[in-house]
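Protein chains in written order, with the working numbering: chain A, 10 to 350; chain B, 12 to 443; chain C, 1010 to 1293; chain D, 1438 to 1696.
No wet-lab data here; the hints were simulated from the structure.
Keep in mind that a hint or two might mislead.
[Claimed, not checked] Below, a list of computed lysine-lysine pairs in the DSS-like style, where the Cα atoms sit at most 27 Å apart:
no., chain 1, residue 1, chain 2, residue 2
1, D, Lys1441, C, Lys1103
2, A, Lys73, A, Lys93
3, D, Lys1441, A, Lys342
4, D, Lys1466, B, Lys59
5, D, Lys1466, A, Lys73
6, B, Lys178, A, Lys52
7, B, Lys346, D, Lys1595
8, D, Lys1620, A, Lys341
9, C, Lys1173, C, Lys1101
10, D, Lys1666, A, Lys266
11, B, Lys59, A, Lys38
12, D, Lys1595, D, Lys1442
13, A, Lys17, A, Lys73
14, D, Lys1634, A, Lys38
15, D, Lys1597, C, Lys1101
16, A, Lys342, A, Lys212
17, D, Lys1634, A, Lys67
[Unchecked claim] A partial selection of chain C residues facing chain A, derived with a Cβ cut-off under 8 Å:
no., residue
18, Ala1044
19, Pro1066
20, Gly1067
21, Pro1113
22, Ala1155
23, Glu1253
24, Arg1254
25, Lys1257
26, Gly1264
27, Gly1269
28, Leu1276
[To be verified] Only some residues are given here: those of chain A computed to face chain D with a beta carbon under 10 Å:
no., residue
29, Leu45
30, Ser47
31, Gly49
32, Lys52
33, Asp53
34, Thr61
35, Phe70
36, Asn262
37, Asp263
38, Leu264
39, Gly269
40, Met279
Fair warning: this is a prediction, and the values are worked out from it, not measured in the lab.
For every residue, glycine included, the Cβ atom is placed at its ideal position computed from N, Cα and C.
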Amino acid sequence: MRAVKLKKSHLKGFLTCVGGWGELWGPVKRNGRHVLESIGDIKDIDLTALRTTLPFKKLLFPPKFSMFRYDANGFQDTLSAIPKRVIFGLHACDIKALCILDEFFAKEYKDPYYYERRNRTAIIGHSCIPDDKCFCNATDNETVTEGFDLFLSDLGDFYLVWVGSSLGDDMVRECPKLIDTNVGHEDLKKYIQFQKHRSEQFKRQIDLTGMPDIVELSMDSPVWEEEGEKCLSCGACTIVCPTCPCYNVNDENDLGKPSGERMRQWDSCMFREYSLVAGGHNFREARAERLKLRFTHKLQSFVGKFGKPACTGCGRCIDTCPVGIDIFTMVKKLQGEEVRS
Amino acid sequence: MREILVEPLARVEGDGGITIRAEGKKVHEVRFDILEGTRLVETLVIGKTPEEDVSITCRICAICTLSHRYAALRGLEKALGIEVPPKVQALRSLMHLGELLESHSLHVFLLALPDFLGYPNAVAMAEKYGPEVVQALALKKFANHVMTVTSGRMIHGENPTVGGFGKYPEKDILLDIARQAQAMIPFAEKAVGLIAGLSVPDYFEDDTVFMCCEPGDDGFGLMGDRIRISDGKVVDAKEYRTLTNEKFSPHSAAKHCLYQGKPYTVGAIARCNNLGERMNGLAGKLFKKHWNKRWLRNPVFNNLAQAIEMVWALEQVSKTVDAVLQYPDDPPIVKPTRQSGEGVGSVEAPRGTLYHAYRIQDGLVAEANLIIPTGQSLEDIEKYMRKAVEILLSQGADDSAIRLQAEIIVRAFDPCISCSTHMVRFERHDPR
Amino acid sequence: MSAAVEIQNPYLPEPYRLIRRYPLTDDVHFFQVRAVDMDRALSLKYSPGQFMMVSIPGIGEAPFSISSTPSRPGLIEFGIRRVGRITDQIFKLKENSVLGVRGPYGTGFPVDKMEGKNLVIVMGGLGAIPLRSLLQYALDNRDRFAHLALIYGARTPGDMLFRKEFLSLMDRDDIQCLLTVDKDDTGKWPGHVGLPTVLFKHLTNLNPKDTNLVVVGPPVMYKFIVAEALKLNIPKHQILMSLERRMKCGIGKCGHCIIGGYIYTCLEGPTFSYWDVTHMKGLI
Amino acid sequence: MERKKLDIGLYGFTGCNGDQLVIIHSEDKLLDFFASANIRSFSLAKSDNEQTPLDIAFIEGSISSQEQVEHVQEIRQRSALLVAIGNCACYGGIQAMELGREGWDRRFQSVYGENFFEVRTPIESKPIDAFVAVDFRLPGCPIDADQFFAVYSSLIRKTKPQMPDYPVCAECRWRENECLLLKGQLCLGPLIAGGCKAVCPSHNLPCVGCFGPVEEANVSSEFALLKEKGFTVEEIRRRLRIHSGSGVLKSLKNLFGEV
Ligand SMILES: Cc1cc2nc3c(=O)[nH]c(=O)nc-3n(C[C@H](O)[C@H](O)[C@H](O)COP(=O)(O)OP(=O)(O)OC[C@H]3O[C@@H](n4cnc5c(N)ncnc54)[C@H](O)[C@@H]3O)c2cc1C
Ligand code: SF4
Ligand code: SF4
Ligand code: SF4
């Protein structure tokens, strides 16, 4: 991978330049929360953002969108007019999640809605310093080597820019005046120091090795019931999770006409009807069963399938669940530790 | 004596009715029945927090939800010793203008006009008056948009809360509202012309008293802590009981009000009669052009008064938007300075003066008295109707003519939506 | 429309024409469809045990097992029970109308591996729908299978799907056809009365290692039939079944059919072996 | 797909008329709406109403007099499907917040004294299903226009409409709001049916519960959580009762024995 340098004072110019490739999106602060938004003015971008409330997935498969239209003559594809976008400011964990989703949506049947958007989205990552909710060190996501076009590491007065794709390379080439291709030994030393410093900032200690076995052996643990009693089934944990892709499908009719749209909307395995089938049988009637599904998926089965957990350690569920049933406390509880949630 | 019961022509739905009892040419009784089910809202708010009170009382009416909210906020904030900053006041004025426009456009175009033009509803009216109906709907839609932007949603938005707003609308949206309001003025002006051209029957005209809030700034307005009466008095709203004197009436779930033992009228016509001279701009010109002494004796001019108020409100919107945007920072919600106290909030709902009077004890509502505009105009509604029926009967008019005239009078007062459409119950007692 | 779409959209239903429909029972009807595009109709490949997604615009989509056999190409057949929103509307369709269908999806029964061996097909209730596909396939390719047996339990003769079709098999000597009802309310029932498990004693003696047993039926049925199969010493991976879950996409994306944390029933199922089942919690 | 237009009626009982108004305020849809069925009765919008057999009756408002009881029964009798729209019809609305407690007579007297009405016999306000069978409920105070038209579209196609199975919180997360519960405010979001698009939390104000309870509301967990945040049971119960009326009586009974 190629690396170049970008002076911090040139960031604005650089983003303006890459903004030419597509609509620029980045983290901004709204009502005390960080959210990804389309950027009108580059100075609105807030680089202190750690985790945006909703992850980037909202851009690649929006909470609700039309899959196609239907009318008396049949079904018409509406896959088009997806804008080109540059998402700036994704962190390592987000990019890992992106890789997971890339793999998931390509599997067996390639999902055109995801991939049409994905193919028109450029990713410019940005380094971060973890807070007390991050634990991506435990999910092996501390650094990323793929899944982005460019990745900016903040090394004081300049960024070390990893070029991760040919598109990234084009972007760098497009603004030669801003980019310093001269990366020397000193710079790399700084980078390594930065990485080391970053690693030392993690405050949550958690060990996910062996989780698949622990989960397997905990199927009858009382933990599920206990947490199930508390769970509000609000779905917040799955909504904010960058790797949760489940959805529901609904037809929305034009009023009084035979035409309409088939809509896809985020669903959650925490919702009541998730596993409900006709006739009223619900394969996951109890909240405990739904929690079990969520956590076996994240911590056990996914590992079996892909060799890594479907959790990136971003801390969003820790930040979100009103009753504290997040992946961290569940892991701790399954590992037999007392945790106050 | 024989009783003949004339069933109403149209099915009576909802919650209002007119009952007329006559014997030969002699009128026994003319009643405007308010049959709306009792909800006892004043008892429900006892023991609730001020925030809860606002969320409950706004639901008295979906059309004037924001007037109720506004009156409640003003009453409660007085009781709690809250002074809201000017940005909050300006945004509240904007939401109030939105509601006036929403209510008036609904009433004038969709409810009153079809009557005069002889259609059962506005959709049917659209065949001949297509462009007018389309523009009227656009105006109503705009008004709903103003309410949505300021209050959070079209109806029962919770955004205006005790001490301020939960969230302030974005600048671009407000500027767009100002622009749209300007663009609507020509249509509103045309509507004034259309309504002014309708003939207003004069046979039942009579004197009355008009009451409205005194804005206190020499201007025309929809809110004030004092009440201006057409007899020249100006009274503090705290004295509202001496003005309204609510009394029970066995045919009405809304109480009737009397001022010094006499019926009185509130609403657009009262505001225009009392304060119209103060209107400036286009609305002022239109007022001067169309106002005449008959307005003081004939409630049907309320339709025209509402049309002129719409022009006024549209002109007011951009000024109010400027007033909001004058303060770039969004003020945080102001906290109460005391937990016990009393306060009366008075505002002009589209159909007249609305009072919310509260006593707060230890942070909870201990006493509440809400006086709605329709109740205040009720005695006048019946007075004018009775006079009209007497005259029509003496002229030998038939039932349907009487029914239509009675409806026109009731509806002109814009009492409250479900009461204002097709609801005449007509009983005639004739000698055998 | 602007930029060309690069990826084929697997979610778009294709037009199919409803050729024939008639009732199998009061609430289960037979639907025979064919792709409007003739080339598509003739080239459609599938295997017994697979399903398709049927769309009713304005209402939605639902999965249905293919009941016809790939050995008779061109036509696709479904047996559909009326239970809810979509099935209600399917039941309102008239012959010759056009509906949306996509698929086939899922993993069918491993017919290649089953060939050369004995095949015992056990159906209960709606299980007859997917298994009719396998049965017809085996009958059409009779020489590729050793002993062939059918066990079908229904509540009453009137509840038995494809009753005539199956009864006619009783006259054939290349298939052992064991039909049973819980209760005979007609008095004219030529088959057995009693639970399907009792029919196992009638089964010709089979070498369990060379036998595949396939069972599809209501959830309660699996436990008992599997117990019988195990008694016969049929290896766990040669006991096959098909499972039902909620589905919204049929292609491993929407998540509703997930079992055991990551198995998408629509991709890796709906057919599973009992070996899979013992290894995954919450399967049956 | 040409089909026979259905006969439809909309009726308002005790309430603020907000739900009918939501329909009237949907200017963009109004003409399609009137064209989509035979609107036999819609007192708020038109005066040429007919009393005919109906395919669907939409009922707004709660029942608060003996006369209304008879009227709603009469409508039920001639309607194939009866749909309650709005919280008053579904759960009784604000006027039913004291449901299940004594004291309605006393409260009535405190407003109207010893007087009685000539034309109506008032009773304690109750939801529609206290008097007639209700086939479908569309809650909200007022209803959400998009949801109404989606439900309406399904119903005129004679299919059961799909309603959210999730609480307001889900919509609140979709809108990326800051969670007010986590900030220590008394937000009812987790207990309340989604459908409003989380308007109140999106304005930084706690959900007051105007869509009534979500089917699977975990009331005991929410109470436990709010108690931990320092609210008293009385405060939480009061807040929940304001808009949820008859919808929460059972849960409260299970939790506290009495209501
Ligand atoms: C692999 C597979 C094969 C099936 N084969 C058949 C068959 O051959 N014949 C038959 O009658 N039925 C079959 N079913 C069941 C059939 O899919 C349901 O009866 C049908 O989805 C009910 O839809 P509905 O809209 O009428 O019911 P509703 O209860 O209104 O369901 C609404 C939605 O929920 C989902 N859903 C509900 N029940 C089921 C279910 N059991 N399985 C999957 N999704 C469900 C669907 O997405 C459906 O659109 C099969 C199911 C699966 C998973
Ligand atoms: S499970 Fe929680 S911590 Fe892990 S990726 Fe999802 S939201 Fe982030
Ligand atoms: S603010 Fe309220 S509605 Fe939103 S997530 Fe928190 S509890 Fe739920
Ligand atoms: S957030 Fe709650 S109170 Fe606000 S509209 Fe939605 S349901 Fe009603």
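Against the structure, the hints come out as follows:
The suggested pairing of lysine 1441 (chain D) with lysine 1103 (chain C) holds, with an alpha-carbon distance near 17 Å, which does not exceed 27 Å. For the suggested pair lysine 73 (chain A) and lysine 93 (chain A), the alpha carbons sit about 19 Å apart, so the restraint of at most 27 Å is met. A distance of roughly 60 Å separates the Cα atoms of lysine 1441 (chain D) and lysine 342 (chain A); the hinted pair therefore is violated under the 27 Å criterion. Straight-line distance between C-alpha atoms of lysine 1466 (chain D) and lysine 59 (chain B) comes to about 38 Å, which puts the hinted pair past the 27 Å bound.
Proposed proximity of lysine 1466 (chain D) and lysine 73 (chain A) is supported: the alpha carbons are some 21 Å apart, at most 27 Å. Only pairs whose Cα atoms come within 27 Å are accepted, and lysine 178 (chain B) paired with lysine 52 (chain A) is accepted, the gap being roughly 23 Å. A C-alpha spacing of about 52 Å is found between lysine 346 (chain B) and lysine 1595 (chain D), which places the hinted pair above 27 Å, so the restraint is violated. For the proposed pair lysine 1620 (chain D) and lysine 341 (chain A), the alpha carbon gap of about 25 Å is at most 27 Å, so the pair holds.
Among the hinted pairs, lysine 1173 (chain C) with lysine 1101 (chain C) is consistent with the structure: their alpha-carbon atoms are about 25 Å apart, no more than 27 Å. Under the criterion of a C-alpha separation no larger than 27 Å, the hint pairing lysine 1666 (chain D) with lysine 266 (chain A) is inconsistent with the structure, at around 50 Å. This hinted pair does not check out: lysine 59 (chain B) and lysine 38 (chain A) have alpha carbons roughly 35 Å apart, beyond 27 Å. Only pairs whose Cα atoms come within 27 Å are accepted, and lysine 1595 (chain D) paired with lysine 1442 (chain D) is accepted, the gap being roughly 11 Å.
For the hint linking lysine 17 (chain A) to lysine 73 (chain A), the alpha-carbon distance of about 37 Å lies beyond 27 Å, and the restraint is violated. Note on lysine 1634 (chain D) and lysine 38 (chain A): the hinted pairing holds, with a Cα-Cα distance of about 21 Å set against a maximum of 27 Å. For the given pair, lysine 1597 (chain D) sits about 15 Å from lysine 1101 (chain C) by alpha-carbon distance, which is consistent with the 27 Å threshold. The hinted pair formed by lysine 342 (chain A) and lysine 212 (chain A) meets the criterion: a straight-line CA distance of about 18 Å does not exceed 27 Å.
Between lysine 1634 (chain D) and lysine 67 (chain A), the direct Cα distance comes to roughly 17 Å. Compliance with the 27 Å bound is thereby established for this hinted pair. Interface restraint check: alanine 1044 (chain C) against chain A, minimum CB-CB distance 13 Å, threshold 8 Å, status violated. Interface hint status for proline 1066 (chain C): upheld, as the beta-carbon distance to the closest one in chain A is roughly 4 Å, under 8 Å. The criterion of a C-beta within 8 Å of any C-beta in chain A is met by glycine 1067 (chain C), whose closest approach is roughly 5 Å, and the hint holds.
Because the closest C-beta pair between proline 1113 (chain C) and chain A is about 12 Å apart, greater than 8 Å, the hint is violated. This hint is violated: alanine 1155 (chain C) has a C-beta 34 Å from the nearest C-beta of chain A, more than the 8 Å allowed. Hint status for glutamate 1253 (chain C): holds, given a least beta-carbon distance of 7 Å to chain A, under 8 Å. The restraint placing arginine 1254 (chain C) at the interface with chain A holds, with a minimum CB-CB distance near 7 Å, inside the 8 Å limit.
Satisfaction of the interface hint for lysine 1257 (chain C) is found here, the shortest Cβ-Cβ separation to chain A being roughly 5 Å, below the 8 Å cut-off. Among the interface hints, the one on glycine 1264 (chain C) holds; its C-beta lies about 3 Å from the nearest C-beta in chain A, closer than the 8 Å criterion. Because the closest C-beta pair between glycine 1269 (chain C) and chain A is about 6 Å apart, less than 8 Å, the hint holds. Of the supplied interface hints, the one on leucine 1276 (chain C) holds, with its beta-carbon coming within about 6 Å of a beta-carbon of chain A, less than 8 Å.
For leucine 45 (chain A), the interface hint holds, since its Cβ comes within 10 Å of a Cβ in chain D; the closest pair sits about 9 Å apart. Because the beta carbon of serine 47 (chain A) sits about 14 Å from the nearest beta carbon in chain D, more than 10 Å, this interface hint is broken. Annotation: interface hint on glycine 49 (chain A) violated; nearest CB of chain D at approximately 18 Å, more than 10 Å. Proximity of lysine 52 (chain A) to chain D is violated relative to the hint, the smallest CB-CB distance being about 21 Å (cut-off 10 Å).
Taken as an interface hint, aspartate 53 (chain A) does not check out: its beta carbon lies about 16 Å from the nearest beta carbon of chain D, beyond 10 Å. With its C-beta approaching chain D no nearer than about 8 Å, threonine 61 (chain A) sits inside the 10 Å limit, and its interface hint holds. For the restraint placing phenylalanine 70 (chain A) at the interface with chain D, the shortest Cβ-Cβ distance is roughly 13 Å, beyond the 10 Å limit, so the hint is violated. The beta carbon of asparagine 262 (chain A) comes within 4 Å of a beta carbon in chain D, closer than 10 Å, and the hint placing it at the interface holds.
For aspartate 263 (chain A), the interface hint holds, since its Cβ comes within 10 Å of a Cβ in chain D; the closest pair sits about 8 Å apart. Given hint, leucine 264 (chain A) at the interface with chain D, holds; its Cβ is 4 Å from that chain's nearest Cβ, closer than 10 Å. Given hint, glycine 269 (chain A) at the interface with chain D, holds; its Cβ is 8 Å from that chain's nearest Cβ, closer than 10 Å. With a least beta-carbon distance of about 8 Å to chain D, the hint placing methionine 279 (chain A) at the interface is held under the 10 Å criterion.
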